[in-house]
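S.K.: Below, each chain spelled out in residue letters.
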Amino acid sequence: MNLHFWLETFNLWVVLVPLLLGYGVGRWLERRHYRSIREREQALRHVLALSTRYVPEGVVAGSAQLVTGGVVISSDYFKTFVAGFRKFFGGRFRGYETLLERARREALLRLKAQAEAAGSTLVIGVRFQSTTIAGSATPSVEIMAFGTALIGTRPPTPAA
Amino acid sequence: MLVSNLETAPGHRITAHLGIVQGSTVRAKHAGKDILAGLKNIVGGELKAYTDLMQEARAEAVERMTAEARAVGANAVLNVRFVTTSITMGAAEILAYGSAVTVEAEPV
Numbered sequence: 002m003n004l005h006f007w008l009e010t011f012n013l014w015v016v017l018v019p020l021l022l023g024y025g026v027g028r029w030l031e032r033r034h035y036r037s038i039r040e041r042e043q044a045l046r047h048v049l050a051l052s053t054r055y056v057p058e059g060v061v062a063g064s065a066q067l068v069t070g071g072v073v074i075s076s077d078y079f080k081t082f083v084a085g086f087r088k089f090f091g092g093r094f095r096g097y098e099t100l101l102e103r104a105r106r107e108a109l110l111r112l113k114a115q116a117e118a119a120g121s122t123l124v125i126g127v128r129f130q131s132t133t134i135a136g137s138a139t140p141s142v143e144i145m146a147f148g149t150a151l152i153g154t155r156p157p158t159p160a161a
Numbered sequence: 210m211l212v213s214n215l216e217t218a219p220g221h222r223i224t225a226h227l228g229i230v231q232g233s234t235v236r237a238k239h240a241g242k243d244i245l246a247g248l249k250n251i252v253g254g255e256l257k258a259y260t261d262l263m264q265e266a267r268a269e270a271v272e273r274m275t276a277e278a279r280a281v282g283a284n285a286v287l288n289v290r291f292v293t294t295s296i297t298m299g300a301a302e303i304l305a306y307g308s309a310v311t312v313e314a315e316p317v
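Chains as they are written, first to last, in this note's numbering: chain A, 2 to 161; chain B, 210 to 317.
Extracted from the complex, chain A is given alone in its bound form (with noise of 0.2 Å):
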């Protein structure tokens, strides 16, 4: 056994244990996630956000307060050696789709899981930022989604 060849393994298991470990594990996390998602959206499904700037018609506001939500998430180690392959042929990438969407709705129901603690049933005005965080080696992003949440409204919300 000479030292190049113990090199050479150890080189090996570098890539490929978090290669593993970012399609293994990532996928668990991704799957829980997206319950997760859809458990609190039904949850939270009275709290009407809306991206329109203008207090519904017929709906009277006492007052209004603004709202945030923010997370920043992470690609894996497996979804970013993919992406490598996938920008040297183009096309549509799923992996990186389904980070961002799920990113994007934890944020709208941070949103409104913060809107219904202030006594909230309809934000409006609801804006999405992204903001792409520098220097790691995954990507990462943070998505943040604000918006006006109205007090003291009659009705509660323009369905009502």
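Derived from the structure by calculation, the hints contain no laboratory data.
If a hint is listed, it holds; no wrong ones were tucked in.
Under the rule of at most 30 Å between Cα atoms (straight-line distance), these lysine-lysine pairs were calculated in the DSSO-like manner:
hint, chain 1, residue 1, chain 2, residue 2
1, B, K238, B, K249
2, A, K88, B, K249
3, B, K257, A, K88
4, B, K238, B, K257
Use these hints to put chain B onto chain A, whose structure you have.
M.R.: Frame of chain A; chain B shown alone:
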């Protein structure tokens, strides 16, 4: 203090405009949490330490903005915008700005 990203203050009437107010902060997480986040990068998912960092920073930026608004005699900040600039891994500048106004509650 009424803070909103709308151009209007729901349930209120604007009585005076007092100009732009802003608040910003640059934040970084300590190295230990940075290393943990580095490990989390392998399996992906939420980086809680960074989420908290951003939330704290945003709250601070809004706090400084409202302090400036109070200093000019406003009781509301409207049309609030956020700008985030990541400087290096683990450090970010967060800026909040908006229009300081005085409002009074509309009779219902």
